[in-house]
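Number of protein chains: 2
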Amino acid sequence: METLGLCTDLYELTMAQSYLEHGKTSTAVFSLFVRELPENRNFLVSCGLEALIDYLERFKFSDEDLLYLKSLGRFSESFLDYLKEFEFKGKLYAVPEGRIVFQNEPLVQIEAPLPDAQLLETIVINTIHLQTLIASKAVRSFLVARGKGLVDFGFRRAHGLDAGIWGARASYIAGFSGTSNLEAGKRFGIPVFGTVAHSYIMVFDREEDAFKAFAESFPKNAVVLIDTYDTLSAVDKVIKLVKEGVPIVGVRLDSGDIEKLSKEVRRRLDQEGMSNVRIIVSGGVDEYKIESWLSKGCPIDSFGVGTKFITSADAPYLDMAYKLVEYEGKPKVKKSPGKRTFPYKRDVRRFYKNGLMDHDEVVPYNDPENGGEGLVKLFLKGGSLKEKLPSLGEIRDKLMEDIDKLPEELKLLKKKDYRVIIK
Amino acid sequence: METLGLCTDLYELTMAQSYLEHGKTSTAVFSLFVRELPENRNFLVSCGLEALIDYLERFKFSDEDLLYLKSLGRFSESFLDYLKEFEFKGKLYAVPEGRIVFQNEPLVQIEAPLPDAQLLETIVINTIHLQTLIASKAVRSFLVARGKGLVDFGFRRAHGLDAGIWGARASYIAGFSGTSNLEAGKRFGIPVFGTVAHSYIMVFDREEDAFKAFAESFPKNAVVLIDTYDTLSAVDKVIKLVKEGVPIVGVRLDSGDIEKLSKEVRRRLDQEGMSNVRIIVSGGVDEYKIESWLSKGCPIDSFGVGTKFITSADAPYLDMAYKLVEYEGKPKVKKSPGKRTFPYKRDVRRFYKNGLMDHDEVVPYNDPENGGEGLVKLFLKGGSLKEKLPSLGEIRDKLMEDIDKLPEELKLLKKKDYRVIIK
Numbered sequence: 001m002e003t004l005g006l007c008t009d010l011y012e013l014t015m016a017q018s019y020l021e022h023g024k025t026s027t028a029v030f031s032l033f034v035r036e037l038p039e040n041r042n043f044l045v046s047c048g049l050e051a052l053i054d055y056l057e058r059f060k061f062s063d064e065d066l067l068y069l070k071s072l073g074r075f076s077e078s079f080l081d082y083l084k085e086f087e088f089k090g091k092l093y094a095v096p097e098g099r100i101v102f103q104n105e106p107l108v109q110i111e112a113p114l115p116d117a118q119l120l121e122t123i124v125i126n127t128i129h130l131q132t133l134i135a136s137k138a139v140r141s142f143l144v145a146r147g148k149g150l151v152d153f154g155f156r157r158a159h160g161l162d163a164g165i166w167g168a169r170a171s172y173i174a175g176f177s178g179t180s181n182l183e184a185g186k187r188f189g190i191p192v193f194g195t196v197a198h199s200y201i202m203v204f205d206r207e208e209d210a211f212k213a214f215a216e217s218f219p220k221n222a223v224v225l226i227d228t229y230d231t232l233s234a235v236d237k238v239i240k241l242v243k244e245g246v247p248i249v250g251v252r253l254d255s256g257d258i259e260k261l262s263k264e265v266r267r268r269l270d271q272e273g274m275s276n277v278r279i280i281v282s283g284g285v286d287e288y289k290i291e292s293w294l295s296k297g298c299p300i301d302s303f304g305v306g307t308k309f310i311t312s313a314d315a316p317y318l319d320m321a322y323k324l325v326e327y328e329g330k331p332k333v334k335k336s337p338g339k340r341t342f343p344y345k346r347d348v349r350r351f352y353k354n355g356l357m358d359h360d361e362v363v364p365y366n367d368p369e370n371g372g373e374g375l376v377k378l379f380l381k382g383g384s385l386k387e388k389l390p391s392l393g394e395i396r397d398k399l400m401e402d403i404d405k406l407p408e409e410l411k412l413l414k415k416k417d418y419r420v421i422i423k
Numbered sequence: 424m425e426t427l428g429l430c431t432d433l434y435e436l437t438m439a440q441s442y443l444e445h446g447k448t449s450t451a452v453f454s455l456f457v458r459e460l461p462e463n464r465n466f467l468v469s470c471g472l473e474a475l476i477d478y479l480e481r482f483k484f485s486d487e488d489l490l491y492l493k494s495l496g497r498f499s500e501s502f503l504d505y506l507k508e509f510e511f512k513g514k515l516y517a518v519p520e521g522r523i524v525f526q527n528e529p530l531v532q533i534e535a536p537l538p539d540a541q542l543l544e545t546i547v548i549n550t551i552h553l554q555t556l557i558a559s560k561a562v563r564s565f566l567v568a569r570g571k572g573l574v575d576f577g578f579r580r581a582h583g584l585d586a587g588i589w590g591a592r593a594s595y596i597a598g599f600s601g602t603s604n605l606e607a608g609k610r611f612g613i614p615v616f617g618t619v620a621h622s623y624i625m626v627f628d629r630e631e632d633a634f635k636a637f638a639e640s641f642p643k644n645a646v647v648l649i650d651t652y653d654t655l656s657a658v659d660k661v662i663k664l665v666k667e668g669v670p671i672v673g674v675r676l677d678s679g680d681i682e683k684l685s686k687e688v689r690r691r692l693d694q695e696g697m698s699n700v701r702i703i704v705s706g707g708v709d710e711y712k713i714e715s716w717l718s719k720g721c722p723i724d725s726f727g728v729g730t731k732f733i734t735s736a737d738a739p740y741l742d743m744a745y746k747l748v749e750y751e752g753k754p755k756v757k758k759s760p761g762k763r764t765f766p767y768k769r770d771v772r773r774f775y776k777n778g779l780m781d782h783d784e785v786v787p788y789n790d791p792e793n794g795g796e797g798l799v800k801l802f803l804k805g806g807s808l809k810e811k812l813p814s815l816g817e818i819r820d821k822l823m824e825d826i827d828k829l830p831e832e833l834k835l836l837k838k839k840d841y842r843v844i845i846k
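In the order they appear, the protein sequences are chains A and B.
Residue numbers for the first sequence follow the numbering used here, beginning at 1 and rising by one.
Residue numbers for the second sequence follow the numbering used here, beginning at 424 and rising by one.
So that you can see chain A by itself, here it is in the shape it has in the complex:
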């Protein structure tokens, strides 16, 4: 898609037309936030802003788009003219990527004429929701991995190519070492990793022939997969080959009783003085398994983390909304049961105690009384970039700093609430 104007819901356009017809074109502020964190999340990692800024630039309507809209028979000529000229010229306030955030905190706020700000609802939610969801899931593996390597193996079961590519970026921000996803590697400069699949082992008549052939092709970094037939006989074959000088640097386990197998594989390798041969585990890996294996002393060097993180399987969506909070300078509040909103453009101010996060206050933006560290920044004004976007490495570093300041109990997989005060 060259233009993204149709990446929206029909009602955004019907509302916009009606706003224009009724003179409702004053400045509005919409706020994107998560109402409540999922049961299995103690915090979120803000992610997706760079993509959103790119998408907003491309949020325009081509002639073909306009022809389609005209064919629906609902829109006036003057509204179609408005869309033809549309480009986002408003302000975008946001929490930068890679910050730890919580419930009710405005991740993105759009300030623009009401119809313009309304049109963007769907694409703002879609973009920030996906990437924040995946980063917030991925960081949980990072927090329990005790420094072991983590590689994104999720591309195949991501919800589309999009989700795989952005998910790789989100996981790198969240502390993964790299990804198997080449498009993400190219686009974002993320390190890429890979081993071999069962198919490779199976096309050779003997398992050891496959191991040897792969090491011949990649003598610097051959990791072989040892669970195709029988894991323990396979590791014995690896040992024999390494003794013969075949340069195998690692073995991957993808099924079976990982606790038992990883310990026995390590024992056999060590017994032969092959303590430099690494053990990589994949197959249904998530933070719960990583924590369980490592707490049982499994000698695993790195993990391939796939399906469960890339789909955020234990919490596959966030209760994220984009709500009108201010119009013509006046507060706007929705009172629907369980869906209450808070008025005004806001900042998130963070208060620390002994170097650790103590609580956040969600307060009116730019109030001189505000204390603490302000998280919300103005990124776009008149549609143009006002704040330099950080590099991927800087975003990742920022998250690591935030993690250092996160109270220990929030780093655990057990539920713990953080105090967010709305003023």
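If you're looking for bench data, these hints aren't it; they were derived computationally from the structure.
One thing to keep in mind: the hints can contain errors.
When the alpha-carbon atoms are kept at most 30 Å apart in a straight line, the in silico BS3-like pairs for lysine-lysine are as follows [what the hints assert, rightly or not]:
1) B:K571 - A:K212
2) A:K220 - A:K243
3) A:K70 - B:K571
4) B:K643 - A:K70
Just a few of them, taken from the derived set where beta-carbon distance is under 8 Å, the chain A residues facing chain B [claimed, not checked]:
5) E2
6) M15
7) S62
8) D65
9) L66
10) K70
11) W166
12) T307
13) P316
14) Y327
Quick reminder that beta carbons are idealized off the backbone N, C-alpha and C, glycines included.
Following the hints, position chain B against chain A.
Below, chain B alone, put in the same frame as chain A:
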């Protein structure tokens, strides 16, 4: 992305290079299937083939892609030359879109020289997985909706733009009436629907002014949202406006006690002779809620179904794999615990009893002994289309035919297994 060659995992390329180096270039067959259905699914709906065929045509490597790969320092010049020339020239066998399928049934089979077939693993799984996942979730709402309207409201919380667009298509195949997603509406000709958001109601000083303004803008199909402040006072305002001749055709409930509210809203409307004003319900809707509301007699005319279906929230992934089953005409079997595969290219043969599906047999392809209805067709040969792709309407009709032949107990939300015999 103009070329999709990098939409793959690194290991597909390392394996391919090694295959080429070791003369492993004979014909291979890979099979895409779901090992086990999720706990909450009695069947799946095949979906995604049209996108896959398009993606395979675009699965090539641009000069920029090749430069990136070269920069990784792992690939040989001759392998990069192979990629430069790569285009898919093999065979693709598949179950057409819109068919009901089960565990262990090959949805897609790729027959091509081993390195070529290997390269496609990630994109084949990614594409068919997403769309089959969403179609299989969406059809559950259709099966319990008793003919009530269903509209896809999922775009905003889909995992990316991709997932929202393909998800809209999948839900239309699965019996939804339409979508709020304009890009999907344009691209696939799916009917589009929409109402208004809370923001619209909130920018007017009085709720009734908002209702009136919207009906003025869209006098043919104004559906207004009535839960922004107080649902029952809002419906009284709607009644007053309709009496005054304001053309409101429906009201939408998005929160609160839907059973109580829908019944009371209906009662108040009917009492005033407004039985033609429809009630639409949205907000956390899924098949479980639809079934529960309708079985309690809630007078709901249609549902906006969003987040939970577009993320397939109760089963956000399928245990789908792409496995080597044949190489050089010889069977290939993987024996990893819980991940056993079955050899040879296969057909799915369906047997009916009294007009209903009785069982399926997964059998060697083209075996003259095969009985029943064959589901697998040859779609691509030499990389070119051999079987005309059906229109979206035809795919949807085909699924409706399959649903008519599905045993009643498989249509329920309760778990029931269907018999699939592997021969």
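Tested hints:
Between B:K571 and A:K212 the alpha-carbon distance is near 61 Å, which puts this suggested pair outside the 30 Å criterion. Annotation: proposed proximity of A:K220 to A:K243 holds, straight-line Cα distance about 16 Å (limit 30 Å). Our distance criterion of 30 Å between C-alpha atoms is met by A:K70 and B:K571, whose separation comes to about 28 Å. Our distance criterion of 30 Å between C-alpha atoms is met by B:K643 and A:K70, whose separation comes to about 16 Å.
Because the smallest distance between the Cβ of A:E2 and any Cβ of chain B comes to about 12 Å, over 8 Å, the interface hint for this residue is violated. At its closest, the beta carbon of A:M15 sits 5 Å from a beta carbon of chain B; the interface hint therefore holds under the 8 Å criterion. Evaluation of the A:S62 hint against chain B yields a violated restraint, the C-beta minimum of about 10 Å exceeding 8 Å. Hint status for A:D65: holds, given a least beta-carbon distance of 7 Å to chain B, under 8 Å.
Annotation: A:L66 was flagged as interfacial toward chain B, and the flag is violated, the nearest CB pair being 11 Å apart, outside 8 Å. Because the smallest distance between the Cβ of A:K70 and any Cβ of chain B comes to about 11 Å, over 8 Å, the interface hint for this residue is violated. Proximity of A:W166 to chain B holds as hinted, the smallest CB-CB distance being about 6 Å (cut-off 8 Å). The interface hint given for A:T307 is met, as the beta carbon of that residue sits about 5 Å from the closest beta carbon of chain B, less than 8 Å.
Hint on A:P316 holds. Least Cβ distance to chain B is approximately 4 Å, under the 8 Å limit. Taken as an interface hint, A:Y327 checks out: its beta carbon lies about 5 Å from the nearest beta carbon of chain B, inside 8 Å.
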